[in-house]
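Novice: Model the full structure from these sequences, guided by the hints.
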Amino acid sequence: MPSLPNAATPDVARLAERAAAAQSHDPHVADVALKPAFFDWLCRMGDNSLILGHRISEWCGHGPVLEEDIALANTALDLIGHTQMWLGLAAEVEDAGRSADELAFLRDAMKFRNLKLVELPNGDMAVTLMREFLFDAFHFELLTALTKSSSPRVAEIAAKALKEVSYHLERSSDLVVRLGDGTEESHNRMQAALNKVWGYTGEMFAADAVDEAVAEAGIAPALADLLPLWQRTVGEVLDEATLSQPEQRFDAQTGGKQGRHTEHLGYIVAEMQFLQRAYPGASW
Amino acid sequence: MYAQMVKSEGMKSLEEMSPEERAFQERVDRGEKIEPKEWMPEGYRKTLIRQIGQHAHSEIVGQLPEGNWITRAPTLERKAILLAKVQDEAGHGLYLYSAAETLGVSRDELFEKLHSGAMKYSSIFNYPTLTWADMGAVGWLVDGAAIMNQVPLQRTSYGPYSRAMIRICKEESFHQRQGYAIMMKMAQGTPEQKEMAQDALNRFWYPSLMMFGPSDKDSVHSAQSMAWKIKMNTNDELRQKFVDETVPQAEYLGLTVPDETLTWNEARGHYDFAEPDWAEFFEVIKGNGPCNEERLGARRKAWDKGAWFRDGLTAYAEKAAARRAASNVAAE
Ligand SMILES: [Fe+2]
Ligand SMILES: [Fe+2]
Ligand SMILES: [Fe+2]
Chain A
1 MPSLPNAATP DVARLAERAA AAQSHDPHVA DVALKPAFFD WLCRMGDNSL ILGHRISEWC
61 GHGPVLEEDI ALANTALDLI GHTQMWLGLA AEVEDAGRSA DELAFLRDAM KFRNLKLVEL
121 PNGDMAVTLM REFLFDAFHF ELLTALTKSS SPRVAEIAAK ALKEVSYHLE RSSDLVVRLG
181 DGTEESHNRM QAALNKVWGY TGEMFAADAV DEAVAEAGIA PALADLLPLW QRTVGEVLDE
241 ATLSQPEQRF DAQTGGKQGR HTEHLGYIVA EMQFLQRAYP GASW
Chain B
1 MYAQMVKSEG MKSLEEMSPE ERAFQERVDR GEKIEPKEWM PEGYRKTLIR QIGQHAHSEI
61 VGQLPEGNWI TRAPTLERKA ILLAKVQDEA GHGLYLYSAA ETLGVSRDEL FEKLHSGAMK
121 YSSIFNYPTL TWADMGAVGW LVDGAAIMNQ VPLQRTSYGP YSRAMIRICK EESFHQRQGY
181 AIMMKMAQGT PEQKEMAQDA LNRFWYPSLM MFGPSDKDSV HSAQSMAWKI KMNTNDELRQ
241 KFVDETVPQA EYLGLTVPDE TLTWNEARGH YDFAEPDWAE FFEVIKGNGP CNEERLGARR
301 KAWDKGAWFR DGLTAYAEKA AARRAASNVA AE
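As they're listed, the protein sequences go chains A and B. Heads up: the first sequence begins at 1 in the numbering used here, then just goes up one per residue. Heads up: the second sequence begins at 1 in the numbering used here, then just goes up one per residue.
Watch out, some of these pointers could steer you wrong.
Unchecked claim - Straight-line distance between alpha carbons at most 30 Å, and here's what the computed DSBU-like set of lysine-lysine pairs gives:
#1 A:K196 <-> B:K301
#2 B:K319 <-> B:K7
#3 B:K194 <-> B:K241
#4 B:K217 <-> B:K229
#5 A:K160 <-> B:K170
#6 A:K196 <-> B:K305
#7 A:K163 <-> A:K148
#8 B:K170 <-> A:K163
#9 B:K301 <-> B:K113
#10 B:K7 <-> A:K196
#11 B:K229 <-> B:K12
#12 A:K160 <-> A:K111
#13 B:K194 <-> B:K46
#14 B:K33 <-> B:K217
#15 B:K46 <-> B:K33
Claimed, not checked - Computed from the model, here is a short list of chain B residues facing chain A with C-beta under 8 Å:
#16 P19
#17 G67
#18 I70
#19 A80
#20 Q87
#21 P128
#22 L130
#23 W132
#24 G189
#25 T190
#26 N288
#27 P290
#28 K305
#29 G306
#30 W308
#31 D311
As the list claims (entries may be wrong) - Between beta-carbon pairs, the in silico distance windows are:
#32 B:G104 <-> A:D108: 52 to 58 Å
#33 B:D277 <-> A:N122: 37 to 43 Å
#34 B:E195 <-> A:A252: 45 to 51 Å
#35 A:D108 <-> B:P36: 45 to 51 Å
Source of the hints: derived by calculation from the structure; they are not laboratory data. Quick caveat: nothing in here was measured; it's all calculated off a predicted structure. Glycine residues also receive a C-beta, built at the ideal position from the N, C-alpha and C atoms.
Specialist: As structure tokens, then:
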């Protein structure tokens, strides 16, 4: 055999078994009554990471400065890692023989449960950063609360993701401050970006029956409890950035969590799923 | 290679050298590392800037052909691996620009030269990535060819360059393995996947051989660079080594190297193989390859569109420094 081929895929099944054995027992995972809401909620977690990761990954090689290319790729990578964990658990809860990959690559747009905010086009770096900051500030509070989830599996994933998301928030808030208080142009771009995405942020806190069911089970916090925390972070950062909070409603654009998306998501999904759709059943 | 056809200055014999030059050459011959603050011949410095700069440019332009498939990667795991790889390449660019900076040239100056066309990047990145199998072929062949060149460069005479190469080589061999793993999946997959794998090998074989640059047996530049230990092997040696290692790997995949003349030469202990089309190579170097416009265009666009971002950060840093100075004065 030539020198290289020992790169052959490791025994995936064995690794998966070992990982499963190491996982904590979680009564919620097999709770039939809770299943539809828990599954939907896990898809929301996974899809937010997947779609935001997808958007950020579009910047690879096109960033404004090399350090930013590295940081953007790293953020996207973290988010795809979180997606694997959330959708992996979603697949387990659903218990219908679908894998995380099948959820990611074989659901149509209307079955995606991400916020509209994360599917918005990248625009310039100002839009990309502002969108990420407003999401990071929410994501951070959510994951922090989830580390105390009544579901040990959720708490484990949240603890892993929180380490990375703390860094995402640190980085995005730092850049929002510096660019907001940079040149006149960078200030104007950041303000325009804030105005553009503001109306999509309220969806993060708009609880529906799914959110209420998982909150009741102690799996996730009540979203309303996260709002003041988010408002405080956002208020402080925008102040320091010399940016002003838009007057418009922050919850004008909702529906993503229920599968009613913007037109943009269809194109993301078409691109992302191309290979799985064109070559059904192939292994990659 | 990532640095192809780097011109170096004319070569002198030990007798023709000044005492400083001779002492320098003797240190290099002894295998000592040259560090940034130490005396070095101007030609050595210039050649290194060209070579390291070209290598750095190759790393960052190299993000583009692979970045092309991140949003279309077929599984979450493949997407994560590809993202990690592209991120590594940007990191390699960063180490190398930093190594070049120790020679007295700024990253911005090097970027300007890349964008104006005064400096080149490797010809390989001017070829398109057309199917998912290309992610396999690029990792296997392109990172593989890069490793051939960079492993010996870990022993190069210039300290910062040598240290950058040591860090980079570890990651490149990882990339090659991941690329090969993709090829393996494709070659053992459905008939369509196998067809994509063979097609990727067909398209990337000769461009990979070109990465080592034209035969340098008659080149004075090359002799000087070798004496300075900033080039460790001839282009032909490395190309032969690459072919010898890669052919059995292709066989193991069940793929056919697109060279009918390829034969094992028992007497030489090497494969005999066909040279790539050097006319095509020179066209690509001149800017007429299939993707030159897209690649350089994408880098220029990223730079131009990022100007406000960089200016904003600079302005903030200046304001913050001024505020700190003012509060220090107030405190006194
Ligand atoms: Fe990370
Ligand atoms: Fe690299
Ligand atoms: Fe690489």
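Novice: Hints first: check each against the structure and report whether it holds.
Specialist: Hints and how they fare:
Proximity of K196 (chain A) to K301 (chain B) is assessed by CA-CA distance (about 24 Å); at most 30 Å being required, the pair is judged to hold. Pair hint K319 (chain B) plus K7 (chain B) does not hold up; C-alpha atoms about 43 Å apart against a cutoff of 30 Å. Simply put, K194 (chain B) and K241 (chain B) have alpha-carbon atoms about 26 Å apart, close enough for the 30 Å limit, and the pair holds. Between the alpha carbons of K217 (chain B) and K229 (chain B) the distance comes to roughly 17 Å, so the proposed pair stays at or under 30 Å and holds.
A C-alpha spacing of about 26 Å is found between K160 (chain A) and K170 (chain B), which places the hinted pair at or below 30 Å, so the restraint holds. In summary, the hint linking K196 (chain A) to K305 (chain B) is supported, as the alpha carbons are separated by about 19 Å, within the 30 Å threshold. With a C-alpha separation of about 15 Å, the suggested pairing of K163 (chain A) with K148 (chain A) holds against the 30 Å cut-off. At most 30 Å may separate the alpha-carbon atoms for a hinted pair to count; K170 (chain B) and K163 (chain A) meet this at roughly 26 Å.
Among the hinted pairs, K301 (chain B) with K113 (chain B) is consistent with the structure: their alpha-carbon atoms are about 15 Å apart, no more than 30 Å. The straight-line distance between the Cα atoms of K7 (chain B) and K196 (chain A) is roughly 51 Å, outside the 30 Å bound, and the hint therefore fails. Of the pairs offered as hints, the one joining K229 (chain B) and K12 (chain B) holds, with about 15 Å between alpha carbons and a cut-off of 30 Å not exceeded. Note on K160 (chain A) and K111 (chain A): the hinted pairing holds, with a Cα-Cα distance of about 26 Å set against a maximum of 30 Å.
With a C-alpha separation of about 46 Å, the suggested pairing of K194 (chain B) with K46 (chain B) is violated against the 30 Å cut-off. Distance hint between K33 (chain B) and K217 (chain B) is fulfilled; the C-alpha atoms sit about 27 Å from each other, no more than 30 Å. Taking the CA atoms of K46 (chain B) and K33 (chain B), the gap is near 17 Å; set against the 30 Å cutoff, the hint holds. The beta carbon of P19 (chain B) comes no nearer than 41 Å to any beta carbon in chain A, farther than 8 Å, and the hint placing it at the interface is violated.
For the restraint placing G67 (chain B) at the interface with chain A, the shortest Cβ-Cβ distance is roughly 4 Å, inside the 8 Å limit, so the hint holds. Among the interface hints, the one on I70 (chain B) holds; its C-beta lies about 5 Å from the nearest C-beta in chain A, closer than the 8 Å criterion. The interface hint given for A80 (chain B) holds, since its Cβ lies 5 Å from the closest Cβ of chain A, which is under the 8 Å cut-off. Taken as an interface hint, Q87 (chain B) checks out: its beta carbon lies about 4 Å from the nearest beta carbon of chain A, inside 8 Å.
This hint is violated: P128 (chain B) has a C-beta 15 Å from the nearest C-beta of chain A, more than the 8 Å allowed. For L130 (chain B), the interface hint is violated, the least distance from its beta-carbon to any beta-carbon of chain A being 13 Å, above 8 Å. With 8 Å as the threshold, the beta carbon of W132 (chain B) comes within range of chain A, its nearest partner Cβ sitting at about 6 Å, so the hint holds. At a threshold of 8 Å, the smallest CB-CB gap from G189 (chain B) to chain A is about 6 Å, leaving the interface hint in force.
Of the supplied interface hints, the one on T190 (chain B) holds, with its beta-carbon coming within about 5 Å of a beta-carbon of chain A, less than 8 Å. For N288 (chain B), the interface hint is violated, since its Cβ never comes within 8 Å of a Cβ in chain A; the closest pair sits about 22 Å apart. For P290 (chain B), the suggested interface contact is broken, since its CB lies about 18 Å from the closest CB of chain A, more than 8 Å. The restraint placing K305 (chain B) at the interface with chain A holds, with a minimum CB-CB distance near 7 Å, inside the 8 Å limit.
Of the supplied interface hints, the one on G306 (chain B) holds, with its beta-carbon coming within about 2 Å of a beta-carbon of chain A, less than 8 Å. Annotation: W308 (chain B) was flagged as interfacial toward chain A, and the flag holds, the nearest CB pair being 5 Å apart, inside 8 Å. Checking D311 (chain B) against chain A: minimum C-beta separation of about 5 Å stays under 8 Å; hint holds. For G104 (chain B) and D108 (chain A), the hinted distance range of 52 to 58 Å is satisfied, since their beta carbons lie about 57 Å from each other.
As the Cβ distance of D277 (chain B) to N122 (chain A) is approximately 39 Å, the hint placing it in 37 to 43 Å holds. Take E195 (chain B) and A252 (chain A): their Cβ atoms lie about 49 Å apart, and the range 45 to 51 Å holds. Evaluation of the 45 to 51 Å hint for D108 (chain A) and P36 (chain B) yields a failure: the beta carbon distance comes to about 57 Å.
Hints 2, 10, 13, 16, 21, 22, 26, 27 and 35 from the earlier list are contradicted by this structure; the remaining hints agree with it.
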